[in-house]
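A.B. asks: These protein sequence lines are chains A and B, in that order. -17 is the number of the first residue of the first sequence in the working numbering; add one for each residue after it. 322 is the number of the first residue of the second sequence in the working numbering; add one for each residue after it.
Calculated from the structure, these hints are not laboratory results. All values reported here derive from a predicted model rather than from experimental measurement. Even glycine gets a Cβ: it sits at the ideal position worked out from N, Cα and C. Wrong hints could be hidden among the right ones.
[As the list claims (entries may be wrong)] Heads up, incomplete: computed chain A residues facing chain B, CB under 10 Å, no partners named:
| id | residue |
| --- | --- |
| 1 | Gly(-1) |
| 2 | Gly99 |
| 3 | Gly100 |
| 4 | Phe101 |
| 5 | Leu102 |
| 6 | Leu107 |
| 7 | Lys158 |
| 8 | Leu164 |
| 9 | Gln190 |
| 10 | Leu194 |
| 11 | His198 |
[Claimed, not checked] In the EDC-like style, the derived pairs of lysine to aspartate or glutamate whose C-alpha atoms are separated by at most 16 Å in a straight line are:
| id | chain 1 | residue 1 | chain 2 | residue 2 |
| --- | --- | --- | --- | --- |
| 12 | B | Lys436 | B | Glu473 |
| 13 | A | Lys86 | A | Glu60 |
| 14 | A | Lys105 | B | Glu523 |
| 15 | B | Lys529 | A | Asp5 |
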Amino acid sequence: MLKVLKAGFFATIQDLGRFGHRDIGVPISGAMDVESVKKANLLLENDPYDAVLEITMMGPKLQFEEPTAISLAGAHLEPKLNDVAIENHQVVQVSKGDILSFGKLKNGFRSYLAIKGGFLTEKVLGSRSQFFPVTKKKRIKDGDEIPYEETVSYKPLISEVKIEDHFLTDELEVFKGPEFSLLTDKQLAEIFSKPFTISKANDRMAYQLNELIEEHSHSMLTSGTLPGTVQLTPAGRLIILMKDGQTTGGYPRILQLSEAAICVLAQKKAGDSLSLKLI
Amino acid sequence: MKSYPISIKPFGERAVLVEWPSKVEVSILADILDFMDAFKELKLPGWEMSVAYNSLTMVCNDEHLDYDNIRRVILDCHAKQAASKTKRMQHLWRIPVCYDAEFGMDLEEVCKTLKLSVDELIQQHTSHQYIVYGIGFLPGFMYLGGLPQSLEIPRRAEPRLQVAKGSVGLAGKQTGVYPQDSPGGWNIIGNCPIPLFNPKLEDPCFVKVGDKIQFQQISKAEYDLHKIEGEVGIYKPEKVLLNA
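With the hints as constraints, model all of the structure from the sequences given.
C.D. replies: As C-alpha cells, this is what we get:
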C-alpha cells in the first residue's frame, strides 16, 4: 500500500480513461496530460493503461509500505525521496518505509507518479480513473491507502532519459470545430491574433479563458462534445472542455484542440497565457 | 420510407459528427437509431457513438481517423440503411415521482406562473409520454422531448449551486431528472427515488435513447420504500415493451 500522509492540493488516480460509456453520459476522464503518463509508465516498462497518481500544483506526502520502483513525469514539483532530491524521467528504487514528498511548483501544473505495475485501485466501468460519482471518491484524502504490488530488485532497461518537456510552449494547435462557420471575421481575428489567459475557473472538467470575444446569439440543439472541444458562450467566452467534461453541450463548438494541445493545456494554470493556431 | 439527408463533419483527430435536419422529431431519431444499427453491423473495432436530438457523435478510441475514408463508410452505411429497416426493442418506463412540497421546492411558483393548480400540473406532467432523445450532460441524464406547451416555463434566473439527486425539473421545452447532486437552473417540481445511473451494474443506465418515459405520482410513504429498494439495488422499474 501507498499511505497518504498528506493529500496535498488535489491528486487523483488516473489511467488513460473510461471508454465506451459516452452514450450514457459518462465522461472519458483519465489523465489530463496523457503524454506525460506514457513517458512515466514507459520508463517502468508498465502497460500504458496502468494507473498513475495525477498530482495538481502542490504535492502530497506519501509513504511506501512495500518496496517498488517509481518514476515521475509532467510538472516539476521538486520531488524528494526521504528528503533527497530526485528527478523526473528517472527510475527510482523505493524501499519499505520510504517517504516521497514534494517542494515548489517549478513548471507545468500536473505531475504524474507512476509505480511499477500501476496502482491497483478498484476498476469501475473498465477504468480506475477517479470521477465522482462514478467512483466513490473524487480524489485521494489524508490516510488513504492506495494498493500496489510489491516489486523487489527491479532492473530497469533504462534508468533515466533526458527529454525536453512537451508542454514548454504557449501555442495550442486547434482544428475547426463543427460550428466554426458561425464565426464572424471579427471573432476570427479576435481568436487568432491575440493571446488569451487562463481563468481561475479551470479544473479537470473545463478551462475557461479570461478574454471575451464578440457576443453571439446563435442557438443550437444540444449535441456531442469531446475533451478539447472549445465552446463559445453567447457572452463571448471560450470554454475548453477537458477530460472530465460533460459529453453533450448546447454552445457552439467553434474549435477542437488536437490531442497534443490537450496535453499542453493540462500543464497550464490560472493566469498563464496561450495562443490558438489553426491547423 | 426514405431516410433524411445527413451531413458529416470532422471533429478532431478521432471523431466525426453526423447531423440530421435540425429538428426535434421522432422520425429523425428513428432514422439515427437505424443508422447506428447499420454501422454497428460493420463491427469496426473501437467505436462508440452518442445520440443527442438530431446528431450522432462517433468516436474511434483505437486510432486516428482517415476522414475521407470514414466519410465514405458512413455515406455507404446511410445509403444501405434505408433499404433494410430492422425492428428495435423500445420500452416505456414508468418512473415514480413524489411531488410533495418537501421535494418540489418550485412547485408552487411554477403553478402560479403557469396558472395551474398543483393537481392540474401533476396530472399534466404524468399523463404524457416523453421520448428519450439523448443521454448526456451528467451520467444518466435524459434529454426528454414531448413536454406539453402548457408546462413550458423559463429556467430560473439564477441557477442553484446544488440541486438534489433525483430532482425532477421543468425548463423551456424540457423536463427531466437530475441523476446526481449537481448545480442547475431548472424549476424543481418533485423527486424520483430510484437511481437512474448505477455504475455498479453491468448496464448502469436501464433507459436507452429512443425509449419513452412516463412519470407516475407516488406518496411520500411509497417514495421512502422505493428509495430503500433503490439503495439496496432491488428496485425494478416498471416497463412495457412498445414494439413487440
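A.B. asks: Does each hint fit the structure? Answer for all of them.
C.D. replies: Hints and how they fare:
1. Gly(-1): Hint on Gly(-1)/A: holds, closest Cβ of chain B at ~8 Å, below 10 Å.
2. Gly99: Check failed: Cβ of Gly99/A comes no nearer than 24 Å to chain B, outside 10 Å.
3. Gly100: 19 Å, violated
4. Phe101: 19 Å, violated
5. Leu102: 18 Å, violated
6. Leu107: 6 Å, holds
7. Lys158: Because about 8 Å separates Lys158/A from the closest Cβ in chain B, which is inside the 10 Å limit, the hint holds.
8. Leu164: Interface hint status for Leu164/A: violated (13 Å vs cutoff 10 Å).
9. Gln190: At 15 Å from the nearest chain B Cβ, Gln190/A fails the 10 Å test, so the hint is violated.
10. Leu194: 20 Å, violated
11. His198: Since the shortest Cβ distance to chain B is 17 Å, the answer is violated.
12. Lys436/B <-> Glu473/B: Given that 16 Å is the threshold and the Cα spacing comes to 12 Å, the pair holds.
13. Lys86/A <-> Glu60/A: Given pair Lys86/A, Glu60/A holds - Cα atoms ~6 Å apart, limit 16 Å.
14. Lys105/A <-> Glu523/B: 13 Å, holds
15. Lys529/B <-> Asp5/A: 9 Å, holds
The structure does not agree with the numbered hints 2, 3, 4, 5, 8, 9, 10 and 11 stated previously, though it agrees with the rest.
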